[in-house]
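Under the working numbering, the first residue of the sequence shown is numbered 4, with each subsequent residue one higher.
Be a bit skeptical, because a hint or two may be false.
[What the hints assert, rightly or not] Label-pair distances were calculated between CB atoms; the ranges are:
| # | residue 1 | residue 2 | range |
| --- | --- | --- | --- |
| 1 | E61 | G153 | 19 to 29 Å |
| 2 | R40 | R91 | 36 to 46 Å |
| 3 | P87 | A25 | 32 to 42 Å |
| 4 | G90 | R64 | 12 to 22 Å |
| 5 | W103 | G45 | 21 to 31 Å |
| 6 | E61 | E96 | 15 to 25 Å |
| 7 | A60 | R32 | 31 to 41 Å |
| 8 | G153 | Q39 | 14 to 24 Å |
| 9 | N44 | G90 | 18 to 28 Å |
| 10 | Q135 | A68 | 31 to 41 Å |
Just so you know, the hints here were simulated from the structure itself, not pulled from any lab data.
Ideal placement from N, C-alpha and C gives every residue a C-beta, glycine not left out.
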Amino acid sequence: ITAPDVNATLDAVPAVGSTALAPLDVQGRFFRQTGQRFFLNGATGFAAYERFLKEGAEAIRPVLAQRQALGFNSLRVWTAYDIPKIGRLIPAEWPDFYGWPMRAFFVLCAEYGQYPYVTAFAGANAQTLGSQADMVVHQQRLEAAILAAGNWALLDLHNEYSNPPNAPSKFIGPYPDARL
Numbered sequence: 004i005t006a007p008d009v010n011a012t013l014d015a016v017p018a019v020g021s022t023a024l025a026p027l028d029v030q031g032r033f034f035r036q037t038g039q040r041f042f043l044n045g046a047t048g049f050a051a052y053e054r055f056l057k058e059g060a061e062a063i064r065p066v067l068a069q070r071q072a073l074g075f076n077s078l079r080v081w082t083a084y085d086i087p088k089i090g091r092l093i094p095a096e097w098p099d100f101y102g103w104p105m106r107a108f109f110v111l112c113a114e115y116g117q118y119p120y121v122t123a124f125a126g127a128n129a130q131t132l133g134s135q136a137d138m139v140v141h142q143q144r145l146e147a148a149i150l151a152a153g154n155w156a157l158l159d160l161h162n163e164y165s166n167p168p169n170a171p172s173k174f175i176g177p178y179p180d181a182r183l
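Sequences and hints are given; from them, build the entire structure.
Next up, the structure:
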């Protein structure tokens, strides 16, 4: 990953619009929104960030509108993959992958009532990210981007725990591998 230092802040990233989404807290096994128990009703949008980067916001507005109309409040997206029939998204191929485009994507999701549910690792990550060290950097950069955006997007470290490249023991970071 050729991105700037992991510890660099994203303070210089311009704010994009405002969100109508309240931050979520975790208390015990439950999400809470403004103190009340909150049910996260998620839908798949694996390639949504890829399409946003390649085609712009207008390409995913219909997807977000559809998910909202069907009652979903969260869109699950992948951030590093090269999978036939799904797509290709390699962070190193996008110079500002974790910066203002990601923040703008989060805000766009929020406009449609969707909490972005970002998946860090979705397959053979050593092939898409380079090395285990690059995988750790990717996780840390996603964490920083989520915090910089207001900490209302969610981070899922692994798509498939049973996939050997995604084994929880391969990663470090502040998030325990606890399941809700």
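A quick look at each hint next to the structure:
no.	hint	verdict
1	E61 <-> G153: 19 to 29 Å	holds (24 Å)
2	R40 <-> R91: 36 to 46 Å	holds (38 Å)
3	P87 <-> A25: 32 to 42 Å	holds (39 Å)
4	G90 <-> R64: 12 to 22 Å	holds (18 Å)
5	W103 <-> G45: 21 to 31 Å	holds (25 Å)
6	E61 <-> E96: 15 to 25 Å	holds (22 Å)
7	A60 <-> R32: 31 to 41 Å	holds (35 Å)
8	G153 <-> Q39: 14 to 24 Å	holds (19 Å)
9	N44 <-> G90: 18 to 28 Å	holds (24 Å)
10	Q135 <-> A68: 31 to 41 Å	holds (39 Å)
Violated hints are absent here; each numbered hint is respected by the structure.
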